[in-house]
Amino acid sequence: MTATETHVGESKGLSIKVEFSGGLEMLFSDQREHNIKIPAVVEEKPTTVAFLIEYLCKNVMKDTREELFILDGHVRPGILVLINDADWELEGEESYELQDGDNILFVSTLHGG
Amino acid sequence: MTATETHVGESKGLSIKVEFSGGLEMLFSDQREHNIKIPAVVEEKPTTVAFLIEYLCKNVMKDTREELFILDGHVRPGILVLINDADWELEGEESYELQDGDNILFVSTLHGG
Amino acid sequence: DTPWKWPLSADEYERYARQLIIPQVGVPGQLRLKKASVLVVGAGGLGCPAAAYLAGAGVGTIGLADDDVVEVSNLHRQIAHSTDKVGMHKVDSAIQFLRSLNPTIAFRAHRGRITSETAGAIISDYDLVLDCTDHPTSRYLISDACVVHGKPLVFASALQTHGQLMVMNYPPLPQGDPHGGPCYRCIFPKPSPPETVTSCGEGGILGPVVGVMGVLQALEAIKILASGNLGREGFKREDLGPAQMLLFSGHVAAPFRSVRMAGRRKACFACGEASGLTRESLGSGSVDYIQFCGVVPAVEIL
Amino acid sequence: DTPWKWPLSADEYERYARQLIIPQVGVPGQLRLKKASVLVVGAGGLGCPAAAYLAGAGVGTIGLADDDVVEVSNLHRQIAHSTDKVGMHKVDSAIQFLRSLNPTIAFRAHRGRITSETAGAIISDYDLVLDCTDHPTSRYLISDACVVHGKPLVFASALQTHGQLMVMNYPPLPQGDPHGGPCYRCIFPKPSPPETVTSCGEGGILGPVVGVMGVLQALEAIKILASGNLGREGFKREDLGPAQMLLFSGHVAAPFRSVRMAGRRKACFACGEASGLTRESLGSGSVDYIQFCGVVPAVEIL
Ligand SMILES: [Zn+2]
Ligand SMILES: [Zn+2]
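Residue numbers (our numbering), protein chains in the order written: chain Z, -13 to 99; chain B, -13 to 99; chain C, 17 to 318; chain H, 17 to 318.
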């Protein structure tokens, strides 16, 4: 599976590896890995995970059922967000400031057995 | 399990994470992970995996049965050596020049089923 | 006649010989397994392999809870059942299989769905619980019952080619104690919207994917029980290193990934400092799990 | 009476419903599984769970090879056998279990140890081979036979709390073709010194550890067979990404690790450019596997 390259502007960009698992890849062109290039600074503040999520919704998501990913402006319940393989709760959740090379994994909870 | 710290000299040292698995940990005080500090340059040449192996034998191995790790001056048949999770064949085997922060994993082949 | 003076019987020394010589088990670990009781909730794709390896290892008492009967569409993954048992209660079918594997241990059948009213009486009888069910309502209920009754929980789930596994509420310290392990609600404080919940029946499942997760549940249970850490004075969640969840994706080159999770959530509804959940409130049905998890609006079902 | 016009029978649609709806399988994948034949060498700790999930998934023909009989010390991990089958040939015991799980597929029993003389005749009859044995001599022999007969091999091994798994000789292109997958000898050109070889009987094994590896072997086999890549014109090892070996350590916080392996070794004795190994030379016993792997000197055994 090849990864998409997405560019926004040029100067001082961050290269972020975004992954979807547990079925969420379905909402993103059935593609598990996406290499995302986003600016390091947005409105004079360091770029946060909150911005990345908005960006993914607007620019990467192909499925129209946005509510399967975002609910009331936040990642919907039942999706785990992992920043460099750690629960984002350990990293400040939405306010985490992205670093170049970060890996952000979105995993949908499974219920089957 | 806490990791041991081993020092050699001071200036320009490399920090190498050495791991043993598949039963080899038995030869190294039953300890899976070792943080090894070795010089970056030995006899005016960059430090290689060959030097690390010799160093492990002399300084870290507690078991007297050296032949379970080294045979005829080389890692014995049946031990896989992985440099940053890649077979050392892909990296130049014994002549690979160590970089600070490298992870070197020694795994004994298993035969059971 | 010299009286038998060893801690295990001759048959047990023979049957468990290959695990007795492992340092992580040994005779003390085997004796702990023998004294232990494990409840497996769900005798399906996770529960079948999990119970098989628990029985093989000599867990003294294994309870199985399920309200389903065997169907032919189960058999590609539910390896403790068989074609001639189609229509039989899954719990009875599985126990028949498990008993033929190891007739020296005890089995208990709980035929019927676990509810708020029955969960306490069932779970309080066991040392450890495996959540092998297939719906969020039962997953929240089982976790809550494990919290108020002080039982560690080995959670796993699977769908299509994916699986997830986590040891929860271990050690099972009292509510509000930050040294206890996080519970299911600490990880998933709000349930997934019902329209995003897909069962194996709807979404499909590869047999070995759910099989791997079930076998790993048995391994985690055996490790906990054999270690002797359960009930050891002063044993803390942190002694085990960071809490981990194991993620599996069967069609990816590096299929397994261990991710680091936070500990107990101070504000957790179940295990948190101000939790009002008690054995009594749980048993009286004060939590409506069906409403909490929600139902798909009728229009979506059409 | 309208004639049945669907590719699978009604029973098959029902039995395999949960995997038919997975995109990686579907009806084409199920038909490929049905047409396929898999040889499981070794009906022990790896072979039992592997064969169970292969049978569940509907692999059309499953061959089992083993020369052992069931012992009570097998049962903690060899879940296709049972206590009342102690003394029975493992192959017969396992097939009885597998047939009750899925009576709609075919089974073939190979009672006896696979030797240089018999390996070719047995292996050439199958599409894919699982190495579930427990000794280096059989592992080298099976790999060599897979190379000269062009069969992919799913290798796994286990000891104590450790496991290893790798798909080998896939795609199974002719010797010397660099686009074929590496064989067992590419990874382990020289055997381990015999004094370092420990069997599960000697070193011990936790049941779920070898169980996980066996289930994962079944998964790899199902993925290969359902994909349709086997025999697809122009299909190359590189199309799958780098060759990977999966390492497992049951007592570690992050228990699984996928490591990147090199491809075929140009100088490989079996699959290399100048290999003199042929079906004929293998079958005539020109390679002495026992001598190649060595024997522990008598003094060491004492
Ligand atoms: Zn909690
Ligand atoms: Zn080769």
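Calculated directly from the structure, the hints in this document are not laboratory data.
These numbers come from a predicted model, not from an experiment.
From the three backbone atoms N, C-alpha and C, an ideal C-beta is built for every residue, glycine too.
Treat the hints with caution; some may be incorrect.
Stated by the list, open to error - Think about it this way: if two alpha-carbon atoms lie no more than 30 Å apart in a straight line, the pair counts; the simulated DSS-like pairs of lysine-lysine are:
id, chain 1, residue 1, chain 2, residue 2
1, H, K239, Z, K48
2, Z, K3, C, K206
3, H, K51, C, K101
What the hints assert, rightly or not - Over 12 Å on every C-beta distance to chain H, these chain B residues come out as not near it, computed from the model:
id, residue
4, S7
5, E29
6, R62
7, P63
8, L66
9, L84
Said to hold, decoys possible - Negatives, chain C to chain H, calculated, CB over 10 Å:
id, residue
10, Y32
11, K50
12, L189
13, L246
14, L293
Verification of the hints:
no.: 1; hint: H:K239 to Z:K48; in the structure: holds (28 Å)
no.: 2; hint: Z:K3 to C:K206; in the structure: holds (27 Å)
no.: 3; hint: H:K51 to C:K101; in the structure: holds (27 Å)
no.: 4; hint: S7; in the structure: violated (6 Å)
no.: 5; hint: E29; in the structure: holds (29 Å)
no.: 6; hint: R62; in the structure: violated (6 Å)
no.: 7; hint: P63; in the structure: violated (4 Å)
no.: 8; hint: L66; in the structure: violated (8 Å)
no.: 9; hint: L84; in the structure: holds (18 Å)
no.: 10; hint: Y32; in the structure: violated (6 Å)
no.: 11; hint: K50; in the structure: holds (13 Å)
no.: 12; hint: L189; in the structure: holds (20 Å)
no.: 13; hint: L246; in the structure: holds (17 Å)
no.: 14; hint: L293; in the structure: holds (30 Å)
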